[in-house]
Structure formats: C-alpha cells, structure tokens
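Participant: What follows is the residue order along each chain.
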Amino acid sequence: MKVVNSIPFESPQFAILSDTQLQDLHLAALEVLRRTGVRFQHHEALYLLKEAGAFISDGNLAKFPAAMVEDAIASTPSRIVMCDRDGQPAMFLQGANVYFGTGSDCPNIIDPETGRHRKFTQADLINGYHLCDALPNIHFLMSMGIPDDVDVPLQYDTQMALMLEHTTKPIVFVTNDRASCQRAIDMAAAVAGSHEALVEQQHILLYSEPSSPLQQSETAIDKLLLIAEYGLPVVHSPGTLMGGTAPITMAGGLVMSLTEIFSALVVHQLKRPGAPFVFGAGLHHMDMSGGEISYGSPEFQLTKAAVGQLGRWYGMPTWGHGACSDSKVMDEQAAMEAMLHVLMARLSGNNLAHDVGYLESGLTTCFEMIVLNDELVAMTDHIMKGIQVSEDTLLVDELHSVGPGGHFLGTEETRNRFHDFWFPSLLDRNRRGTWLRAGGTTLSQRLNVRVKEIIKEHQPKPLDPEKKRKIQEILATAA
Amino acid sequence: MDWNRMGDALYDGKVDEVAALTKQALDKGHTAQEVLNQGLLMGIDKVGKDFKADLLFLPEVLRSGKAMHAGMDVLKPLLSESEGTALGTFVIGTVKGDLHDIGKNLVGMMLSGVGMEVVDLGIDAPADKFAEAIKEHHPQIVGMSALLTTTMDEMETTIQALKDAGLRDKVKIMVGGAPVTQDFAEKIGADGYAYDAVSAVDLARVWLQS
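Read top to bottom, the protein sequences are chains C and S.
Residue numbering for the first sequence follows the numbering used here, beginning at 5 and increasing consecutively.
Residue numbering for the second sequence follows the numbering used here, beginning at 7 and increasing consecutively.
Among the hints, erroneous ones may be present.
[Claimed, not checked] Facing chain S, according to a computed beta carbon distance under 7 Å, are these residues of chain C, among others:
| no. | residue |
| --- | --- |
| 1 | Q392 |
| 2 | G414 |
| 3 | L431 |
| 4 | N434 |
| 5 | G437 |
| 6 | W439 |
| 7 | R441 |
Honestly, the hints are just simulated from the structure, not real lab data.
Yeah, the Cβ is synthetic: ideal placement off N, Cα and C, and Gly gets one too.
Make a model of the complete structure from these sequences and hints.
Facilitator: Here it is in structure tokens:
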C-alpha cells in the first residue's frame with residue numbers, strides 16, 4: 005500500500021514555552037540587565053565591560069545595553085563537539101541531542117558493598133570512573149565525589165588527574181580557582197599531546213557558577229576568562245533556589261538565570277569572541293518544609309525543559325539534568341525521580357544532562373542510580389524513536405497473508421523485526437515463577453549486583469605511562 | 007553433503023534454503039533418515055540449546071521451527087510412519103468456550119520445532135473433538151489450553167469425557183494457560199502442567215523418553 009504526500013512525525017513533539025513566552029523571558033532579562041544590573045567582583049571583567057559600553061556604577065555594578073547582550077549571544081557558537089581522550093568525536097552538543105553524565109563533588113557515597121552512607125574516598129572515585137567508563141549510556145563524567153582522604157587543597161586536582169587516567173570519556177570539571185583551573189587544563193593538554201591539540205579536540209569542559217542573586221565572584225570569573233582565553237568550553241550555570249536566592253515563580257527564576265548567564269557571557273565573549281559556551285541553569289526551589297533544595301520536583305523538570313528550549317532558541321548548546329533524586333537511598337522514590345529526569349531530559353533536548361547518581365540534594369552519590377540511568381536511557385531511546393509509519397512498516401501484505409484468526413509468531417517479518425522492540429537488561433518482565441527461580445530480586449538488588457560486577461571486571465583503556473607521569477608532575481606543583 | 011550449511015540455514019530460519027538443501031542432500035544419495043538426523047535434528051538441537059541459554063529469542067526459534075518443517079515436508083513421503091514421527095505425536099487445542107490461542111500456538115510451534123508431530127485442534131475445541139483426535143492420530147500426549155478462568159473448568163470436563171470414552175489411559179494429559187497452576191492440574195486429574203512453552207517441550211520430551 006502506498007503512502008502518499010506524507011510528512012512523517014516520528015518522534016515525540018515537545019515544547020514547554022510558546023514563541024511569545026520565549027520572547028517575554030528574553031525581554032524581561034534584558035530589562036533586568038539594563039535596570040538592575042549584575043555585580044562583578046572582578047577587575048578585568050569590569051574593565052572589559054566598561055570598554056565595550058556597559059554602565060558601571062557603585063564600584064562594581066554593571067548594567068548592560070541590550071545590543072551588548074545580543075552581540076554576545078550572536079557570537080557564541082551553536083555547537084561544541086566534545087572528543088574522547090583519544091581525540092575521537094564523542095558528543096555533538098547541538099540541537100536536541102542529549103548526553104548523560106554524572107554530577108560533581110558529593111561529600112558522601114552509598115557504599116555499594118555495605119549499603120552504608122559514608123564519606124567519599126579516592127578509591128570510590130576510581131571505582132566510579134571505571135563504572136561510568138563501562139556504561140554505554142553514560143557519555144561524560146563529572147567528578148562525582150570529594151575525596152575525604154585527600155588534602156583539601158588537592159581535592160579538585162586529584163579528581164582531574166584520576167578522571168584523565170581512569171576513563172576515556174569527555175570530562176566536565178569543577179576546580180577551585182584560576183591556578184587549579186590552569187593545572188586542570190595542563191593535565192588534559194598533557195594527555196592530548198599539547199594545548200593546541202586539546203583545544204582542537206575538546207576533551208574537557210569547565211563548570212562554574214554565578215553567585216545568585218545577580219553576582220559574579222572573582223574566582224568564577226577568573227576561571228571563566230582563563231577558559232575563554234584557551235577557547236575551551238564552559239558552562240556558567242546558575243544554581244538558583246526559587247523562593248531563596250531567586251524569585252518564587254519559575255518565570256522569575258528563569259529571568260534571573262538569563263540575567264546571570266548573559267552577564268557572564270558578555271564578559272566571556274569580550275575576552276574571546278566565538279569561544280564555546282554552554283547555556284545552562286539549574287532552577288531548584290526551596291522546599292519550604294525544611295528549606296531543602298529539591299532535585300526531584302516537577303517544577304525542576306519544567307524549568308529544565310525551559311532551559312533546553314531557551315538554549316536552542318538562542319542557538320547555543322544546552323545543559324540539563326539526568327537521573328538524580330531527593331531520596332536518601334536507592335529506593336522507589338529514587339527510581340521514579342530518575343525516570344522522570346531521564347524522560348524529561350530526552351523530551352527537552354538538554355545536550356548535557358548531568359548530576360546522574362545524585363541523591364539527597366547532591367550530598368550523596370549512588371552508583372546504583374548511575375546504572376539505572378544507563379538502563380533508562382536505553383529505554384527512552386525507544387520512546388524517542390517514536391513510531392515509524394511507512395510502506396515498510398504498515399505490513400498490510402503481512403496482515404493479509406496471515407488473515408483473520410491466524411498468528412504472527414513464526415513469520416519472517418516477526419523474526420526480522422522483533423529486535424526493534426526494546427529488551428531491558430535490568431528490569432524484569434518474567435512471570436513470577438521464572439523470576440523466583442532467578443532469585444526473586446528487586447531492581448535495587450539487581451542494580452547493586454551490576455555495580456559490583458562492573459567495578460570488579462571493567463578495566464578502562466590504560467593511559468600512556470609517560471602521560472601519566474606528566475599528570476603526576478603537574479599534580480605535584482599543586483601542593 | 008555440507009551438513010553445517012544446512013544446520014546454519016535452519017538456525018537462521020531460512021525456510022526456502024532448508025527445503026532446497028534437503029532436496030539437494032537426497033539428490034546426492036543420502037537417505038531421508040540421514041538427512042533428518044545429521045541435518046535437521048542437529049540444527050534444531052542447537053536452536054533449542056541456544057534458546058535455553060538466552061542466546062535466541064522466540065521468533066528466531068519459531069522461524070527455525072518453520073524451516074525444520076519445510077525440510078520435513080520434503081522428507082515425510084520418504085520416511086516410514088514411525089520414522090516420520092520419531093519424536094512422538096502431540097494433540098493440542100484450546101478448550102471449549104475459549105477463543106484464545108496465541109499461547110497454544112506458541113507451544114504447538116515449539117513442539118513441532120523440535121521435531122514432534124503436532125495435531126492442532128484450534129480454538130473452542132469440545133471434548134469429543136479431543137476424543138476423535140486421539141482415535142485418529144494415536145498421540146502419546148494431549149495438551150489443553152485455556153486463558154479464561156471461566157473456561158478452565160472445561161479441562162476437567164474434557165478429561166472426564168475422555169475417561170468415559172475409555173481413552174484417558176491411552177495418553178498423557180498436559181494443561182497450561184495463564185490462570186492454570188500445578189495445583190489445578192493435579193486437582194482435575196491431568197498428568198502434568200506446563201508453566202510456559204519451553205517447559206511444555208521439556209515435559210513432553212521427558213514423557214516421550216519414559
């Protein structure tokens with residue numbers, strides 16, 4: 005049967021904001037940038053801004069003409085290609101592509117051996133990096149934990165050194181200050197072969213934050229300018245708390261986030277026009293029962309979707325969130341919030357969906373959540389594929405040849421295509437008897453088994469010993 | 007004769023190729039029994055093993071079953087009746103009042119896939135249809151299926167009818183279907199219960215060997 009004059013509509017169509025709403029948010033942010041302004045605790049930034057036409061008052065308050073902001077948006081590239089450690093393209097941060105990765109710097113971990121909540125260690129970092137290196141649907145890494153057994157000034161440098169050694173996947177890094185940011189870049193350059201090679205085949209991306217509301221700290225802008233100088237990518241993402249550090253509405257939170265992002269972007273693009281920048285914000289709200297920061301709220305999903313859509317509207321790569329939860333353990337709440345995060349990230353098209361594995365407002369990393377995220381990405385891949393309607397899939401002839409009362413069990417079409425449906429690897433669809441015979445385990449138990457298997461078995465591609473030595477040399481300068 | 011090639015074609019569910027290779031083997035002078043044992047049964051054995059090892063999925067097994075059938079169709083006229091049904095005969099049907107048959111079909115295809123002769127009575131099969139089939143086909147096993155809790159009891163009625171007709175002891179009776187359990191099977195006087203298609207095949211094999 006022929007399908008004529010058809011425009012396929014195969015995958016889910018999803019948008020949270022209308023064109024007018026996008027426009028209104030943009031215009032409101034321009035108004036806040038013009039009228040209220042943003043404080044910069046950074047001399048060079050203030051100098052760059054003043055030179056370019058911003059209004060500086062009260063020492064360090066910068067106010068922005070709309071054209072300055074829109075010029076910065078226009079000069080920001082629409083795509084970033086992140087490469088693996090070997091320089092091969094690994095993530096195309098563009099359009100609605102979604103890649104998943106862990107979060108950074110949890111002080112605690114749920115010990116996969118004992119199930120106990122305890123401090124993060126260096127050994128946990130290595131295990132976590134091996135785990136992410138092995139999982140096909142974890143595409144990039146952030147540090148996950150702050151190693152309690154490492155001297156405080158060396159913690160970020162240690163994370164970077166270990167990530168470079170223990171995974172080939174792209175790295176999003178956090179660092180203390182300009183000097184440690186420089187060391188992180190130098191370590192990655194040692195691995196890439198040179199600074200030039202690192203910039204050409206971008207393997208690392210800096211995460212930094214404004215200090216909401218409407219302030220940019222000296223260290224954050226220090227790092228932002230350094231990374232811009234190199235032409236390496238950065239996400240300067242407000243972590244706002246609606247009702248605390250941001251207005252209580254989602255629209256108000258978005259306006260404030262846009263203001264903070266663009267005030268930094270202007271400085272960033274003035275430093276080096278065309279330097280790669282990821283549009284990102286995490287708009288949490290304060291749970292007013294105890295003042296906690298919620299990662300599992302429906303509003304967090306809505307603002308995440310808005311950030312994805314706004315970023316695409318501006319023509320910039322976008323930031324977002326993967327499987328994280330407010331729960332304290334790998335339980336039903338964690339699993340449902342994980343699913344919501346993964347599906348909403350897919351629908352919203354956030355290019356870098358991070359914080360995979362976070363529990364308890366980002367205070368604890370849970371390896372089981374990372375494995376669950378991997379499974380949920382595989383599952384939602386099949387939602388994003390949508391329904392293909394074509395001559396090839398209508399199977400009118402097949403239906404005709406089997407006919408009323410027949411069955412499709414042994415047909416060639418069934419045999420050739422049944423694999424198009426998703427098969428879970430960790431979710432259980434068996435009947436009770438089969439499930440019982442296999443141990444009658446819960447999902448959490450199976451996730452834990454898988455975590456332990458991978459940590460025991462997976463060996464990432466080893467890093468060239470000479471490069472490892474160079475990393476150690478740079479690390480030694482940090483003390 | 008390249009038995010591996012025939013085995014591979016069977017494994018890959020290539021229906022026409024298996025039929026063609028079967029003919030070719032006969033043309034080369036191999037006996038039907040040789041082709042059956044060295045080609046078809048060897049191939050289907052690997053399919054069964056790999057399915058149990060979770061390497062193959064149902065549609066692959068069923069397609070291989072069809073390929074096996076295509077080969078058997080070529081060989082049948084050349085095999086004596088006992089050779090052609092060497093593995094035994096299995097009468098299967100969905101009991102009276104029940105029109106559900108996908109599970110029953112699955113069991114039937116799996117059984118014939120491993121080389122059993124399967125007589126399928128279809129859906130809504132009353133007791134006398136089972137009785138007639140036993141008289142006509144002399145099966146070793148009769149399988150009954152039901153999906154509905156409202157039609158499960160028809161299995162007991164059928165068993166009673168077979169007793170009344172003096173046929174009950176000539177066959178082993180296996181029951182299955184989503185609401186059916188081991189307890190239920192015992193209660194109604196069946197010889198066995200199959201949890202799923204794979205265990206139906208396993209149980210049938212055990213019965214036929216004993």
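Participant: For which of the previously enumerated hints does the structure constitute a violation, in increasing order of number?
Facilitator: 1, 3, 4, 6, 7
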